[in-house]
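Input sequences plus hints: build the corresponding full structure.
Protein chains: 2
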Amino acid sequence: MLMDFAVTEPRSDIHNSAIPIVCRAFEARHKGVCGALNPQQLSELARHTTKHKFDASAGLIADGAKVERYANIMSGVIKLAKLTADGRQQIVGLQFAPDFLGRPFSEKSDFDVEAATDVRVCSFPRDVLNKLTQESPELEHRLHAQTLKELDEARDWMLALGRKSAGERVAGFLCFIAEHINPEIELKKGPVTFEIPLTRSDMADFLGLTIETVSRQLTKLRQARVIEIENNRTVIVPDLEKLQAAAGT
Amino acid sequence: MLMDFAVTEPRSDIHNSAIPIVCRAFEARHKGVCGALNPQQLSELARHTTKHKFDASAGLIADGAKVERYANIMSGVIKLAKLTADGRQQIVGLQFAPDFLGRPFSEKSDFDVEAATDVRVCSFPRDVLNKLTQESPELEHRLHAQTLKELDEARDWMLALGRKSAGERVAGFLCFIAEHINPEIELKKGPVTFEIPLTRSDMADFLGLTIETVSRQLTKLRQARVIEIENNRTVIVPDLEKLQAAAGT
DNA sequence: CGACGCCTTGATCAACTTCAAATTTTGTGG
DNA sequence: CCACAAAATTTGAAGTTGATCAAGGCGTCG
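Protein chains in written order, with the working numbering: chain A, 19 to 267; chain B, 19 to 267.
Worth flagging that the hints you see were computed from the coordinates, not collected in a lab.
On a predicted model such as this, the values are computed, not experimentally measured, just so you know.
Just so you know, not all the hints are guaranteed correct.
Just so you know, same-sequence chains aren't split out, so a pair can sit in one copy or run between any two.
[Claimed, not checked] Derived DSSO-like pairs (lysine-lysine); straight-line CA-CA distance at most 30 Å: (1) LYS149 to LYS207; (2) LYS126 to LYS260; (3) LYS207 to LYS126; (4) LYS84 to LYS167; (5) LYS84 to LYS149.
The structure is reproduced here in structure tokens:
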């Protein structure tokens, strides 16, 4: 079931011009778009901000829906999915904290937005952000930078979808998750462990495959000792380079 | 063979602060990024601008190359292509006049940039545009808008690459070209005629197929009377809706 | 315990690729 | 303008990959 952002949890600091502590903590850890705002703008934004929680697989925004609010992802993973006329699904983007969520300058969404895992977001009205964008070139600059990052990722996946085998895609997906789950802690030699934030079905929709093929390729990687899997979701990669090699990268 | 932008044709109006006539004519027809500049900025940009011509299939920028100049496409079609480690190719974007060419804020290209058809571009140093961007929020806004458009197109093609059949992809590609070749003249009922700006090989690389499959699907569309083809490149679409239906859209 | 959701495994099948010509189009020199 | 060679496209036959169809296993939650 899809639900638009509703004001579920009015902030206690509504009439307080101090920067919300949660924002400060969040921005310290990450480098979200809010970092582009000065304290005054930040509290202006905070005045209109509400926090929301969504369970895994809850719908946030339906394809074609009018979008009145933007959001920042505080935690969790969000999937952007497109459907063909007859119902085939393709996930066209995955977003992680602290990504900005929403299509600037457009009133409606071009795809479904759904929680892949449990998710916490901060949302605020389109108008407020649009106004801040006009005041602060740095803010638009950051939004532009995120858009460019999404475009790079989309193009990387176009290469995978168009030209890579099922095995390469699955291995490449695991690399992608490994790099995004813990944004900083990566590229070191030792073993890497992480949770796949998607079901097999979501993985299939992301990779342009069926769940059966995804499962078979994971088994192959396991049998080749490239990965270990526990509880379906936990992946251990003893040697990331071997996984990258399997991804054809 | 790849060649970087070289200064091949110094402008006669280098020391003339008037807006180059070619720019005025170009901007009147299109709505390129230059439209965001005031006359003074435009002539500042023009002072550093040179025109270039590339033959079809000439390389403009190699993957990983350092990019010192940005450009506007004046005419023709440009393809952005990625390669896997072992040489498989995927075209991840097609750009048409008056698109901006270049990756803002990045020094090097993430893919090969090649002329699909004969192409004319205006190029200028990165630094000059970066400086203008800082002065003019409207300019960054336009660049951002183009990036968003490219992202939308990339995601549309992700759906096609991941979930659509060869026949749907080829039909969808023809719709895409029909809409881009003559940006305005579209969506009318009558027959539409256009030239495919790509070889079969480029089409295959764009669609994630082989040239044989592309050819067979075109033959099918021809036999189904959805299109007519003359000289391999000229396509006549009697009824665009039938083609869109074949594309699964 | 039993039912349901999620994942894995196996057997068969279809779509697309690969390999191999044949055919058409394009470019060049006489 | 024609002849010819080279390049691009089409067509055909055989081979693979991944999809589809069909069970079966494992965990979780009532």
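Hints and how they fare:
no.	hint	in the structure
1	LYS149 to LYS207	neither (46 Å within a copy, 40 Å between copies)
2	LYS126 to LYS260	between (42 Å within a copy, 27 Å between copies)
3	LYS207 to LYS126	between (44 Å within a copy, 27 Å between copies)
4	LYS84 to LYS167	both (25 Å within a copy, 18 Å between copies)
5	LYS84 to LYS149	within (19 Å within a copy, 36 Å between copies)
Hint check: a violation occurs at hint 1 only; the rest are consistent with the structure.
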